[in-house]
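Asker: Sequence:
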Amino acid sequence: MSDLQDRFRAASASADWIFHRPPSTPAAMLRELADHAEAHDLAWDRYGERGAVAQLETEVAALLGKPAAVMFPSGVMAQQATLRAWCDRAGSRRVALPDLSHLVHHEQDGPRRVLGLELEWLTTGRRTATADDLAAVGGRLGAAMVELPLRDAGCLLPSWDELEALSAAARERDVRLHADGARIWESVPYWDRSLAEVAALVDSMYVSLYKGLGGSSGALVVCPDDLAGELRSWRQRMGGTLFSLTAPAVGGLIGLRTHLDRFGDYRAWAVELAAALREQGFRTFPDEPHIGTFLAYAPGTADEVNERVVTFVEERGVVACGLWRDAEVPGWVETELTCYEPAIRHDPAEVAATMAAAVAGPRGF
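Numbering (the working numbering), first residue to last: 1 to 365.
I should point out that these hints are in silico values taken from the structure, not numbers from a laboratory.
If you're wondering where the values come from, they're calculated on a predicted model, not measured in any experiment.
Beta carbons are placed, not taken as given, at the ideal position from N, Cα and C, and that holds for glycine.
Label-pair distances were calculated between CB atoms; the ranges are: (1) 236 - 328: 38 to 44 Å; (2) 135 - 44: 45 to 51 Å; (3) 31 - 104: 36 to 42 Å; (4) 229 - 43: 19 to 25 Å.
With the hints as extra help, turn the sequences into a complete structure.
Answerer: Put into structure tokens, the structure is as follows:
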């Protein structure tokens, strides 16, 4: 697989990308940051205070209708600090969250080993949480967490009624509800609701500056004023109060101005693409994407499919999709497709046909 990955990286560096966004160079990104900072007369922060960081925190708090926002260098740190702060207040280290949560699968057991949290499954498998799921987790909880959307389940979102009911159940039980909203910018078109309406249903929410918004790094937590002070203390304890967070803060400000109004178009295009892919012999999950990112499935093994995909990039100069991995069902592979501005410049039916040529080859599935 490493040889295929090396070939894919080499060929895709100068190819045309359909999905996601083509990788930028450090020089191009730094020029964009400098131009924006100069045009808007942005000042340096110092240890996360004042300057571009303060402006970003103010704007994000207003967008999500929360009293305060605190910037962190990473979402991993942001979420772990938030859950620990809520748990300390409640006098319980138990956190109910999906077993497919990012905290469980991508953080090397950090919530438990670093901050001593005790994790209970709010849901298992590819489904979103309901009020009944929260009721099924007995005992005293420090917090409950939902991921909006649940990325490892194909970016699934609950219905608005389900989310409202879960929020009401948490408040009735006096359990703080935290949202992993890394992709919340991309999720609100599904409900046809504002960011503030969604954030009103939870006590705190983490948002990402690079997923969707296209920044280089960084995250924020929106929350009540008094929790913000605790989060700044946890940020310092965890080594996240850097001398300057200005560069990722400027990237976040650029992302808010550039991408925030486009996610509805991305999702609408993804829905058309998913339908076109099924006509070509692919399968998708969910059938109708909830955001502009979803899972696609094809018959075959990862080695044989990726050999065809890499060869297609090398010969055609087009990245029709990323690399594939073996799915849970034997004989099938899966990949994640993310539909941003490069994708929606194309006709969905033509993209589906291009993907079929890259994945299945000239003989088809």
